[in-house]
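J.: The chain contents come next:
Protein chains: 2
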Amino acid sequence: MKARVHIFYKDGVFDPQGNTVSQALQRQGFSRVASVRMGKVIDVEMNTTSTEEAKRDVQKMCDTLLVNPVIESYQIELINQGKG
Amino acid sequence: MKARVHIFYKDGVFDPQGNTVSQALQRQGFSRVASVRMGKVIDVEMNTTSTEEAKRDVQKMCDTLLVNPVIESYQIELINQGKG
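If you read the sequences in order, they're chains A and B. If you count the first sequence from 1, position 54 lands on 54 in the numbering used here, and the numbers rise without skipping. If you count the second sequence from 1, position 68 lands on 152 in the numbering used here, and the numbers rise without skipping.
It is possible that part of the hints are untrue.
To be verified - Straight-line C-alpha distance at most 30 Å; calculated DSS-like pairs for lysine-lysine: (1) B:K144 to A:K10; (2) A:K60 to B:K94; (3) A:K2 to B:K94; (4) B:K94 to A:K40; (5) B:K124 to A:K10; (6) A:K55 to B:K86; (7) A:K55 to B:K94; (8) B:K124 to A:K2; (9) A:K10 to B:K94; (10) B:K86 to A:K10; (11) B:K124 to B:K144; (12) B:K139 to A:K40; (13) B:K124 to A:K60; (14) A:K10 to B:K139; (15) A:K2 to A:K40; (16) B:K139 to A:K2; (17) B:K86 to A:K2; (18) A:K40 to B:K144.
Since the hints were derived computationally from the structure, they do not count as laboratory data.
Between the sequences and the hints, there should be enough to build the whole structure, so can you do that?
T.: Encoded structure:
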């Protein structure tokens, strides 16, 4: 079972990296770029076939270790790869 | 039109950050964690309604600025938000 976690700054929190990339792209001639938000993506490969178990674990990882809840928000997506 | 770009190290390229997170999680008691890969996610908001145009632009951004093709690979996902 694989879990994909997306971590972004919360809306309203200034994203300096995204801002810099946005300006760089516009300077390079990509005039259609309106704004850019940068985030992290974490793929966690888990030794379990239970969706419930994986989800509970990953949620706990996010709440205790991976995410700073003051400025970041996260989304979890589970990808069941099967065995055959 | 929003484009979401996922950037990961290519398979076979050592991912030190993912490795560190994996070890930290296992130390914290998440024994079901097999491995972790860390990547970047970039949401690009574009002033266009054309999927073709957006895709071409974002592909060019990746090839020229956002991605290091020696060690990284990317995937583009277009999200048409509509107007109503």
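J.: So, for every hint listed, does it hold in this structure?
T.: Hint by hint, here is what the structure shows:
1. B:K144 to A:K10: Roughly 28 Å separates the two Cα atoms, so the pair holds.
2. A:K60 to B:K94: 28 Å, holds
3. A:K2 to B:K94: 17 Å, holds
4. B:K94 to A:K40: Holds, at about 16 Å.
5. B:K124 to A:K10: 16 Å, holds
6. A:K55 to B:K86: Holds. K55 of chain A to K86 of chain B sits at ~27 Å (cutoff 30 Å).
7. A:K55 to B:K94: Holds. K55 of chain A to K94 of chain B sits at ~26 Å (cutoff 30 Å).
8. B:K124 to A:K2: With a Cα-Cα distance of about 17 Å, the restraint between K124 of chain B and K2 of chain A holds, given a limit of 30 Å.
9. A:K10 to B:K94: 29 Å, holds
10. B:K86 to A:K10: 17 Å, holds
11. B:K124 to B:K144: The hint holds at about 17 Å.
12. B:K139 to A:K40: 21 Å, holds
13. B:K124 to A:K60: 21 Å, holds
14. A:K10 to B:K139: 26 Å, holds
15. A:K2 to A:K40: 16 Å, holds
16. B:K139 to A:K2: The hint holds at about 27 Å.
17. B:K86 to A:K2: Distance of about 25 Å is within 30 Å: holds.
18. A:K40 to B:K144: The hint holds at about 21 Å.
Every hint, counting from the list given before, is met by this structure.
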